[in-house]
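These protein sequences, in sequence, are chains A and B. Residue numbering for the first sequence follows our numbering, starting at 1 and increasing by one per position. Residue numbering for the second sequence follows our numbering, starting at 160 and increasing by one per position.
I should point out that these hints are in silico values taken from the structure, not numbers from a laboratory. The model shown is predicted, which means the values in this text are computed figures rather than measured ones. One or more hints might be untrue.
[To be verified] Each computed SDA-like pair below joins lysine to any residue, with the alpha-carbon atoms no more than 20 Å apart:
| no. | chain 1 | residue 1 | chain 2 | residue 2 |
| --- | --- | --- | --- | --- |
| 1 | B | Lys504 | A | Lys62 |
| 2 | B | Lys670 | A | Thr119 |
| 3 | B | Lys610 | B | Asp513 |
| 4 | B | Lys236 | B | Lys199 |
| 5 | B | Lys509 | A | Gln45 |
| 6 | B | Lys484 | A | Thr89 |
| 7 | B | Lys510 | A | Gln118 |
| 8 | B | Lys452 | A | Thr119 |
| 9 | A | Lys90 | B | Lys269 |
| 10 | A | Lys62 | B | Asn454 |
| 11 | B | Lys670 | A | Ser48 |
| 12 | B | Lys509 | A | Lys141 |
| 13 | A | Lys49 | B | Lys484 |
| 14 | A | Lys49 | B | Asn668 |
| 15 | B | Lys452 | A | Ser147 |
| 16 | B | Lys269 | B | Lys199 |
| 17 | B | Lys199 | B | Glu233 |
| 18 | A | Lys141 | B | Asn454 |
| 19 | B | Lys509 | A | Gln118 |
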Amino acid sequence: MTRYSVLNRRGSPGVFSGWRHSLWWLLILFIASPLKAQPTLSFDQFYSKVSVLGLEFSDRVKQLSGQQIEITGFMAPPIKAESQFFVLTKMPMAICPFCSSDADWPEDILVVYLTKRQTFVQNNSMIKVTGTLEYGTWRDKETGFVSLLRLRDAQFSEL
Amino acid sequence: MKASWLIPLTFALVPVVIPATASAVNIYPIDRATMLTGGKFDFKVEFDKQVDPAQVSIKINGKAYQQVWDQKSEFIKDEDGLNASSLVIKNVDITTPGDYKVEVSAGDEKGSVSWNVYQTPEKRQAKNVILFIGDGLSVAHRTAARVMSKGITEGKANGRLAIDDLTNMAFIGTSSTDSIAADSANTMSAYMTGHKSGVNALGVYVSRAKDSLNHPKQETLGELIKRTTDMSVGIVSDAELEDATPAAVLSHTRRRADKAEIVSMFYDVKPDVLLGGGSAYFLPETTPGSKRKDNQNYVERFQQAGYQLVTNADELKKQGSGADKLLGLFHTSNMDDVLDRRFLKNDVTKKFPDQPDLTEMTQTALDVLSKNQDGFFLMVESALIDKASHPLDWERAAYNTIMLDQSVAIAKKFAETHPDTLIIVTGDHTHGISIVGTVDDDKPGNDMREKVGVYETAGYPNYEDKNGDGYPDRVDVSKRLAVFFNNFPDHYETFRPKLDARFVPAIQNEKGEYIANAIYKDIPGAVLRTGNIPRNTDTGVHSVDDMIVQASGPGAERIHGYMDNTELFRVIVDSLSLGHGKQG
Ligand SMILES: [Zn+2]
């Protein structure tokens, strides 16, 4: 376990820059099975610039775009019970109905689209989510919810 | 509520009418509405069923409405598929003061309301009006602010707040048309229009229309001043500028959440100074961080309209005062609590490290607005008193109250050289907050409840203000105020200030119920408090308790006793003499 974590740590951004390195890394991973280490993303790494006049996605987000990643956070109360997507937040969130609206989410949220419907977990418990990272403004056709950053084909497990 | 009131009235005035029919028609403005001569409003009648337009009779003091208002009326045969008809006449007014009785009928559908239209004095008393709103400001917030800021020994406060010496005072009733309780939308709307409204509504009566932007409008003070005078208008808030209180100065929607639309209403009316948070609704949807759902860029549009743009405290200081029109946006969302911004070295303000203080925004707004020889109306909101009180975070609320008081001190200083300035300080609604004593960490044992001092065991807290900035140097002193809210969701009471970020008492479970947030469970001495409000309520709620209003300056003498919140509008329009139509 310790050995893999060391690898994992070394395997962070720099190593990913070249395809040869990636291959090498994947090979190690393959050998080191069953542990399937994936690049991780944290909430603090979303934006390289936060300003009143707009945000800028970090290089890390741009690099990881289109890849399977792993992230931990809290599941916000779903917009509707039946939906196949939810919002992942850094901290457990409670929204005040009279002081906030659906649009009042903080910037550092991640919208998660699940491969298949999973049961809602208590907002109190931290979850680990894996999925394909995607960035840029996108409006959910069903709910009209606008997201900047998303995971597609995602699944989650309780930690 | 309305119908039951109407029945005795109907008996008294029209004894032949069967009382039950009185409720078959809704009329807006509603019964007992008071309004300013020449103030604009939308008139709407809602019938209970579909009626024949030829049968509709609307009489105002016995005169057909077509003779009173030479405006086009719109007859809606089947409103929003409800199988009921409505009649709307937009943007009308009444220019002669007096009592008005409006009688409506269409076949057996009948209804009536009474209005009072008032005129303002001929002579303008005040040149400038500065209205301070401490959102959610309650008596305990003020007491806590005084104790923490000035200190207290042997039963007497060691100093006075700036608000303590305002000359006139009254209680204000805050209830809504649809509920005894209220939110910041309809309370501020009452101050800004002189009309009551319903929860979540701004500058409109809540009618049955489905479109939130299509309810009967009430002209706002901001619009009235811009339409009829050459005065300037300024709006300052540490919330999002689209939040209910600042939005109420000039917007109209049944849903306060229509924030993108509210920005366009700001743009239409163009107040001279706009300082606050909420830039996310000014940015086009293609800009990351935007919360608009269109491609309008209101930052650019305001700049093109001649506004100086500033986005942090430094720019505000350097470029603010010199501007003629000023747009200051300092956060994409609500600005941060002063406790986090200035005193706690936590991560809260990491995203926007250079946000101005409410005092700096107040001073700059006064510098810009006072250039106008015709005077100004300025609204300054300390919004985060409420936003910290909802999650039961009383320390942050108290610090935000001290900041409000320091902003009032700036206005009082301005009034020393501009004595024709009316200063009003109030909140919009209250919270169920109270101080009961102290919490003393040095009392024996680990049971925090036993460390709460009451009566003679409370003694005095040990806050200190060594640097004289008016705030306690530390919030987490060993002997603190014991402050409790009387309504709350399930949560862990920790008896301690939250130093990392604002308290999040409860979060939702899979059944949609709010349960205690477990992240506070392991704080030493934390105890679970079972909530006393419905389980679908995430935080503490507003209280129905009266609000206190205080004022100084020309016109302040009108503030006394008990007042309805709509009467504060009248105090302002009277002092500015706004009932005489277009000036000059
Ligand atoms: Zn509130």
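Comparing the hints with the structure gives:
1. A C-alpha spacing of about 31 Å is found between B/Lys504 and A/Lys62, which places the hinted pair above 20 Å, so the restraint is violated.
2. A C-alpha spacing of about 11 Å is found between B/Lys670 and A/Thr119, which places the hinted pair at or below 20 Å, so the restraint holds.
3. The hinted pair formed by B/Lys610 and B/Asp513 fails the criterion: a straight-line CA distance of about 38 Å is larger than 20 Å.
4. This hinted pair does not check out: B/Lys236 and B/Lys199 have alpha carbons roughly 25 Å apart, beyond 20 Å.
5. Restraint check: the Cα-Cα separation between B/Lys509 and A/Gln45 comes to about 13 Å, which is no more than 20 Å; the hinted pair holds.
6. Restraint check: the Cα-Cα separation between B/Lys484 and A/Thr89 comes to about 38 Å, which exceeds 20 Å; the hinted pair is violated.
7. Our distance criterion of 20 Å between C-alpha atoms is broken by B/Lys510 and A/Gln118, whose separation comes to about 33 Å.
8. Restraint check: the Cα-Cα separation between B/Lys452 and A/Thr119 comes to about 30 Å, which exceeds 20 Å; the hinted pair is violated.
9. For a cut-off of 20 Å, the pair hint linking A/Lys90 to B/Lys269 is broken: about 57 Å separates their Cα positions.
10. Straight-line distance between C-alpha atoms of A/Lys62 and B/Asn454 comes to about 24 Å, which puts the hinted pair past the 20 Å bound.
11. Under the criterion of a C-alpha separation no larger than 20 Å, the hint pairing B/Lys670 with A/Ser48 is inconsistent with the structure, at around 37 Å.
12. Restraint check: the Cα-Cα separation between B/Lys509 and A/Lys141 comes to about 33 Å, which exceeds 20 Å; the hinted pair is violated.
13. Note on A/Lys49 and B/Lys484: the hinted pairing is violated, with a Cα-Cα distance of about 28 Å set against a maximum of 20 Å.
14. Annotation: proposed proximity of A/Lys49 to B/Asn668 is violated, straight-line Cα distance about 34 Å (limit 20 Å).
15. Distance restraint check for B/Lys452 and A/Ser147: the Cα-Cα separation of roughly 11 Å lies within the 20 Å cut-off, and the hinted pair is therefore satisfied.
16. Proximity of B/Lys269 to B/Lys199 is assessed by CA-CA distance (about 25 Å); at most 20 Å being required, the pair is judged violated.
17. Proximity of B/Lys199 to B/Glu233 is assessed by CA-CA distance (about 17 Å); at most 20 Å being required, the pair is judged to hold.
18. Restraint check for A/Lys141 and B/Asn454: satisfied, since their Cα atoms lie roughly 18 Å apart, inside the 20 Å limit.
19. Of the pairs offered as hints, the one joining B/Lys509 and A/Gln118 is violated, with about 34 Å between alpha carbons and a cut-off of 20 Å exceeded.
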